[in-house]
Amino acid sequence: MGLEFSPVLVAVVAMAALLAGFIIHNIIISKKLGSAKDLAERIVEEARKEAQAQKKEIIIQGQDELFRLKKEQEEEYKEHERELKKRDSRLQEQIEKLDERMEKANQQEQELLADEREIARRERLLDERQEELDLKMAEQERRLQAISGMTSEEAKSALFKEIEAKTRHEAARMARLIESEAREVAARKAKEILATAIQRYAGDYVSEQTVTAVTLPSEAMKGRIIGREGRNIRALEAATGVDLIIDDTPETVIISAFSPLRRQIAKMAMERLVSDGRIHPARIEDVVNKVEQEMETQLREVGEQATFDVGVHGIHPEIIRLLGQLKYRTSFSQNVLQHSLEVASLCGIMAAELGLDVKKAKRAGLLHDIGKAVDHEVEGPHAMIGADLAKKYGESKEIIQAIAAHHEDVRPQTAIDVLVQAADSLSGARPGARKELLENYVKRLEDLENIATSFNGVDKAYAIQAGREIRVMVDSENVDDDTTYLLCRDIAGQIEQNLTYPGQIKVTVIRERRAVELAK
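Residue numbers for the sequence shown follow my numbering, so the first one is 26 and each next one is one higher.
Since the hints were made in silico from the structure, they are not lab data. Computed from a prediction, not measured in an experiment: that's the story for all the values here. Fair warning: there could be bad hints in the mix.
As the list claims (entries may be wrong) - The calculated lysine to aspartate or glutamate pairs, modelled on DMTMM-like cross-linking and capped at a C-alpha distance of 20 angstroms, are:
| no. | residue 1 | residue 2 |
| --- | --- | --- |
| 1 | K96 | E106 |
| 2 | K385 | D413 |
| 3 | K186 | D505 |
| 4 | K531 | D515 |
| 5 | K74 | D63 |
| 6 | K315 | D273 |
| 7 | K122 | E134 |
| 8 | K384 | E329 |
| 9 | K315 | E326 |
To be verified - Derived CB-CB ranges, DEER-like:
| no. | residue 1 | residue 2 | range |
| --- | --- | --- | --- |
| 10 | K129 | F185 | 21 to 31 angstroms |
| 11 | R539 | A196 | 50 to 60 angstroms |
| 12 | K485 | D159 | 49 to 59 angstroms |
| 13 | A263 | K531 | 46 to 56 angstroms |
| 14 | E537 | H401 | 45 to 55 angstroms |
| 15 | R493 | E209 | 18 to 28 angstroms |
Backbone N, C-alpha and C define an ideal beta-carbon position, used for all residues, glycine too.
Work out the full structure, taking the sequences as your base and the hints as a guide.
Written as structure tokens, this is what we have:
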């Protein structure tokens with residue numbers, strides 16, 4: 026049998042082996058721990074040495090930085106100290122200057138106080154002298170009243186009247202000189218412009234009539250025009266609104282009507298009826314209607330030709346038709362369309378001389394009497410009617426103003442307004458341009474003389490030059506030279522307010538003293 030070990034022995038051996046192994050393991054670990062500890066101590070020592078070196082280096086760097094900052098701080102402090110010294114020096118200078126000013130102000134204050142005391146002393150002296158003067162003046166006034174027998178109020182009134190009379194005469198004399206110079210300059214310039222306008226424009230004048238003659242091919246045609254029991258002539262008069270005069274004049278029928286437009290329509294209709302030969306009421310109405318349509322076209326053509334002749338464009342078609350209608354409208358026997366064309370031309374010439382807008386001036390001159398085309402249909406003055414028409418059909422404010430102001434229904438505001446007024450007066454006042462009824466002419470002359478004789482001091486008054494001038498004779502005993510000048514201006518102003526006339530009226534006041542003695 027082999028060897029057999031007991032369990033106890035085995036356990037002991039195992040324990041011993043285990044213990045031996047543990048001891049060996051501890052010995053190995055102890056050796057390793059000794060080596061690690063030495064390594065750790067060496068590492069710690071090296072780290073400590075390195076830390077000491079870094080610490081020294083950091084301390085050295087900190088000391089260098091501290092030294093640099095300290096140096097910068099010292100430089101900044103020195104700079105600040107220098108700046109403070111400069112400011113202190115400036116403040117010291119300002120304080121010295123203020124001290125000097127204070128000293129001067131004190132001196133001036135002392136001088137002012139001295140001046141005030143001197144002024145107060147002089148005021149007291151003046152008051153004392155004023156009191157003495159008042160007493161002396163009161164004494165003198167009492168003596169003067171005793172000597173003259175007048176009170177102070179009466180003397181003041183007499184003195185003021187004398188001063189007022191002298192001042193009035195002096196003012197009138199100065200006004201006369203100033204106005205005379207202004208009139209000479211203005212008259213010379215106006216004459217130059219008007220002379221230029223007249224020289225550059227020459228218009229023909231044709232007297233308008235209220236009757237038109239129609240020539241017939243034979244006397245037998247008169248009977249056909251009259252018709253059975255006068256049917257044809259009544260139909261023609263009713264359709265055209267004219268009067269037909271058939272008398273003993275050979276081969277002639279007279280058309281009478283105040284409206285040139287109706288006379289022209291009647292003439293054209295009669296000529297067509299005569300040439301056609303068929304004359305009866307139905308035919309008359311048909312021909313008159315056709316003639317009226319043709320006349321409407323002709324009115325537009327005439328209006329367009331007028332705008333073309335003047336050189337204005339962009340006018341509303343209705344205004345153009347009204348312009349054509351002015352061809353058959355007269356004023357004081359002057360053709361209104363011809364008058365409007367002439368005013369437009371004169372406005373353009375004068376505007377060119379004055380450096381104004383020529384086209385605008387011509388447009389205002391052409392349209393200034395447009396209201397006369399419908400003034401028999403609309404109530405009011407033709408200037409305001411024309412202004413309303415111009416506004417209705419889109420004309421500018423300046424054109425509307427010029428139309429409304431050309432007879433001073435409104436106050437002129439621009440140079441164009443005055444130009445239209447001047448051209449209108451020039452066109453209407455030229456010799457032969459217009460005719461007046463004898464009754465109106467005589468009435469205007471009487472009104473002129475009555476206005477002049479209504480003023481105090483006027484002896485006689487005579488209207489001469491067909492009413493273009495009035496000469497006034499004054500009483501030389503009651504009216505002096507200066508009052509003569511004022512009287513002339515007052516008479517002219519009264520005429521402007523109370524009379525309506527074309528052109529202008531010259532007022533001449535004459536004062537003369539005659540000495541008569543008989544030699545025996």
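Verification of the hints:
1. K96 x E106: Since the Cα atoms of K96 and E106 sit roughly 15 angstroms apart, the hinted pair holds (cutoff 20 angstroms).
2. K385 x D413: holds (18 angstroms)
3. K186 x D505: holds (17 angstroms)
4. K531 x D515: OK: K531 and D515 at ~13 angstroms, within 20 angstroms.
5. K74 x D63: holds (16 angstroms)
6. K315 x D273: Violated, at about 31 angstroms.
7. K122 x E134: holds (18 angstroms)
8. K384 x E329: holds (16 angstroms)
9. K315 x E326: Holds, at roughly 17 angstroms.
10. K129 x F185: 21 to 31 angstroms: Taking Cβ atoms as reference, K129 and F185 lie about 54 angstroms apart, which means the hint is violated.
11. R539 x A196: 50 to 60 angstroms: violated (29 angstroms)
12. K485 x D159: 49 to 59 angstroms: With a Cβ separation near 57 angstroms, K485 and D159 satisfy 49 to 59 angstroms, so the hint holds.
13. A263 x K531: 46 to 56 angstroms: holds (51 angstroms)
14. E537 x H401: 45 to 55 angstroms: holds (51 angstroms)
15. R493 x E209: 18 to 28 angstroms: Between R493 and E209, where Cβ atoms are some 21 angstroms apart, the hint holds.
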